[in-house]
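S.K.: Using the sequences plus the hints, can you model the full thing?
Here the first sequence is numbered in the numbering used here, starting from 1 and rising by one per residue.
Just so you know, these hints were derived from the structure itself, not from any lab. Misleading hints may appear alongside valid ones.
Claimed, not checked - In silico SDA-like cross-links for lysine to any residue, where the CA-CA straight-line distance does not exceed 20 Å: (1) Lys340 to Trp49; (2) Lys204 to Glu219; (3) Lys42 to Trp174; (4) Lys352 to Lys415; (5) Lys415 to Met403; (6) Lys76 to Glu171; (7) Lys385 to Leu358; (8) Lys334 to Asn322; (9) Lys461 to Gly448; (10) Lys483 to Ile467; (11) Lys370 to Pro349; (12) Lys438 to Ser450; (13) Lys415 to Arg12; (14) Lys91 to Gln250; (15) Lys457 to Arg220; (16) Lys438 to Ser17; (17) Lys36 to Asp57; (18) Lys385 to Ala8; (19) Lys340 to Ala380; (20) Lys352 to Ser314; (21) Lys117 to Phe89; (22) Lys340 to Gly368; (23) Lys348 to Arg333.
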Amino acid sequence: MSTQQNKALPKRSEDYSSWYNELVKKADLAEHSSIKGCMVIKPYGFTIWEKMRDTLDRMFKETGHVNAYFPLFIPKSYLSREAAHVEGFAKECAVVTHYRLKNAPDGSGVVVDPEAKLEEELIVRPTSETVIWNTYRSWIQSYRDLPLLINQWANVVRWEMRTRLFLRTAEFLWQEGHTAHATAEEAREETLRMLHVYAEFAEKHMAMPVIKGIKTPNERFAGAVDTYCIEALMQDGKALQAGTSHFLGQNFAKAFDVRFTTKEGVQEYVWGTSWGVSTRLMGALIMAHSDDDGLVLPPNLAPIQVVIVPIYRSQEEMHAVNDKAAQIAAQLRKAGFSVKHDDRDTHKPGFKFAEWELKGVPLRLAIGPKDLANNTIEAARRDTKAKEIISSDRVCEYVSMMMEKIHQTIYQRAKDFRDSMITCVDSYEEFKEVLETKGGFISAHWDGTSETEERIKAETKATIRCIPLNNPQEEGRCVLTGKPSTQRVLFARAY
RNA sequence: CGGAGUGUAGCGCAGCCCGGUUAGCGCGCCACGUUCGGGACGUGGAGGACGGAGGUUCAAAUCCUCUCACUCCGACCA
1 MSTQQNKALP KRSEDYSSWY NELVKKADLA EHSSIKGCMV IKPYGFTIWE
51 KMRDTLDRMF KETGHVNAYF PLFIPKSYLS REAAHVEGFA KECAVVTHYR
101 LKNAPDGSGV VVDPEAKLEE ELIVRPTSET VIWNTYRSWI QSYRDLPLLI
151 NQWANVVRWE MRTRLFLRTA EFLWQEGHTA HATAEEAREE TLRMLHVYAE
201 FAEKHMAMPV IKGIKTPNER FAGAVDTYCI EALMQDGKAL QAGTSHFLGQ
251 NFAKAFDVRF TTKEGVQEYV WGTSWGVSTR LMGALIMAHS DDDGLVLPPN
301 LAPIQVVIVP IYRSQEEMHA VNDKAAQIAA QLRKAGFSVK HDDRDTHKPG
351 FKFAEWELKG VPLRLAIGPK DLANNTIEAA RRDTKAKEII SSDRVCEYVS
401 MMMEKIHQTI YQRAKDFRDS MITCVDSYEE FKEVLETKGG FISAHWDGTS
451 ETEERIKAET KATIRCIPLN NPQEEGRCVL TGKPSTQRVL FARAY
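M.R.: Encoded structure:
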């Protein structure tokens, strides 16, 4: 019994955050590195990220973007050009002050060479708006140079005090799109286009429903005019911002003097956008679907979509079963599925079942002597744990159908949960009550002021996650102040 | 960055309060045999000098000081 407990994960219902931490480690996604605040993304976890990256990259290219790469280091003076921007990021910047080490006089190792102090300190990018807009100045002269639609895949550093694997680490991987446009309308369209790309990615590939909305000024990106976001709900009832897209107006164009000549020959500042998603999506993916037995991965992102476990007693049975399993595996690979034929003779089937469940493989096929005799396969879904016996002749069409079905099932399950966790409240008492007992999104009237938002945050730890797009307008009174309001907004405690 | 806690074998822990044989347990690992349709069992093995540094003492995993790392709670944030 105690051996079972060592192998099992903590229960979500008992300790959600240790369930998450253990799952990330036991499923081989990532671990803490010896460097403070930084994680090692392990091969299995990185494969999932690669799939996210490849899919998003394709979607960016389909919407006309190209990739480029800008420097890791940003001169301190660049960061200070845009007042709100530097204000927002100053507190969490890693700074490079020297460029050389030397042997310590006492022979104790190496020390920073005080002679090698940089003229101007370099900031390790927390985001790249400044260095990119500084570059855009020389790339953009005419309306003919616009729009400029660029993305970069990069690492960034934000010196966080408290970190959690994938959700918040000092260094993380992301993509940041930076676009420049001739008109405000076009830039706004771009901002929303990419928001929709993110939402589509979340729903079609991560099987994670998201709410598209706009942030309040308090939650806005430092330097943006408007920040749009996709918000997801985790199983513990906390919200998670999964992606953001910013309309930058002319803020960075003015800060970096990026102007262009219009058709009419007039000099105007360029309009900008930026948008990004990060390895934080890994955290969202894990917390959206997984259960007490381990990961539940959507078929579109699973490193292994189908695992085949052979079952046998004797050596003869082993060979016969593995031959059959190898045939099935080859057939499925030919049909485009990623398949693992787990032919390790060092582990028992039950062990393999549990291990692949922990790792979230969407579909398991088991083949034993009985199946050989009957030309069947036992198929087991990870998402529902349902098993059924299928004919091995129709394995490809079965798997194909099942991949779609599993995606639909986990999406719908997450969506039903999310929808059930949006609660409308009309009094502050009810607001606090729901927050404490149920969690999730709370849809409530707000008087539109930062003061109210901040007071609610201070008193309840809930923030306004977003004002949903196409939000229905209705007369009401602010849940805190009772002042008139025209619409409900979504509050939640968030990651 | 403030509060609390933890650091002993690859992993999870006991031992510490009340210093004293050769530091112990479970899982994992290695070998052999029996097993194999839901995390097998038996037998026999290997593996640590107790996060790091300093101190007290005849003697330190155990007491003291400092330091590093991690976890949880708070403030901040993708």
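S.K.: Each hint should be assessed against the structure and marked as holding or not.
M.R.: Going through the hints against the structure:
Distance hint between Lys340 and Trp49 is fulfilled; the C-alpha atoms sit about 19 Å from each other, no more than 20 Å. With a C-alpha separation of about 27 Å, the suggested pairing of Lys204 with Glu219 is violated against the 20 Å cut-off. Straight-line distance between C-alpha atoms of Lys42 and Trp174 comes to about 17 Å, which keeps the hinted pair within the 20 Å bound. Restraint check: the Cα-Cα separation between Lys352 and Lys415 comes to about 31 Å, which exceeds 20 Å; the hinted pair is violated.
Taking the CA atoms of Lys415 and Met403, the gap is about 18 Å. The hint holds against a cut of 20 Å. For the hint linking Lys76 to Glu171, the alpha-carbon distance of about 19 Å falls within 20 Å, and the restraint holds. Simply put, Lys385 and Leu358 have alpha-carbon atoms about 12 Å apart, close enough for the 20 Å limit, and the pair holds. Taking the CA atoms of Lys334 and Asn322, the gap is near 18 Å; set against the 20 Å cutoff, the hint holds.
A threshold of 20 Å between alpha carbons decides the hint, and for Lys461 with Gly448 the separation of about 18 Å falls inside it, so the pair holds. Note on Lys483 and Ile467: the hinted pairing holds, with a Cα-Cα distance of about 18 Å set against a maximum of 20 Å. At most 20 Å may separate the alpha-carbon atoms for a hinted pair to count; Lys370 and Pro349 meet this at roughly 15 Å. Proposed proximity of Lys438 and Ser450 is contradicted: the alpha carbons are some 25 Å apart, above 20 Å.
With a C-alpha separation of about 19 Å, the suggested pairing of Lys415 with Arg12 holds against the 20 Å cut-off. For the proposed pair Lys91 and Gln250, the alpha carbon gap of about 25 Å is over 20 Å, so the pair is violated. For the hint pairing Lys457 with Arg220, the CA-to-CA distance comes to about 15 Å; that is within 20 Å, so the pair holds. In summary, the hint linking Lys438 to Ser17 is supported, as the alpha carbons are separated by about 17 Å, within the 20 Å threshold.
In summary, the hint linking Lys36 to Asp57 is not supported, as the alpha carbons are separated by about 30 Å, beyond the 20 Å threshold. The straight-line distance between the Cα atoms of Lys385 and Ala8 is roughly 17 Å, inside the 20 Å bound, and the hint therefore holds. As the CA atoms of Lys340 and Ala380 are separated by approximately 15 Å, the hinted pair is consistent with the 20 Å bound. Of the supplied pair hints, the one linking Lys352 and Ser314 holds, its CA atoms being roughly 18 Å apart against a limit of 20 Å.
Restraint check: the Cα-Cα separation between Lys117 and Phe89 comes to about 23 Å, which exceeds 20 Å; the hinted pair is violated. Our distance criterion of 20 Å between C-alpha atoms is met by Lys340 and Gly368, whose separation comes to about 16 Å. Our distance criterion of 20 Å between C-alpha atoms is broken by Lys348 and Arg333, whose separation comes to about 25 Å.
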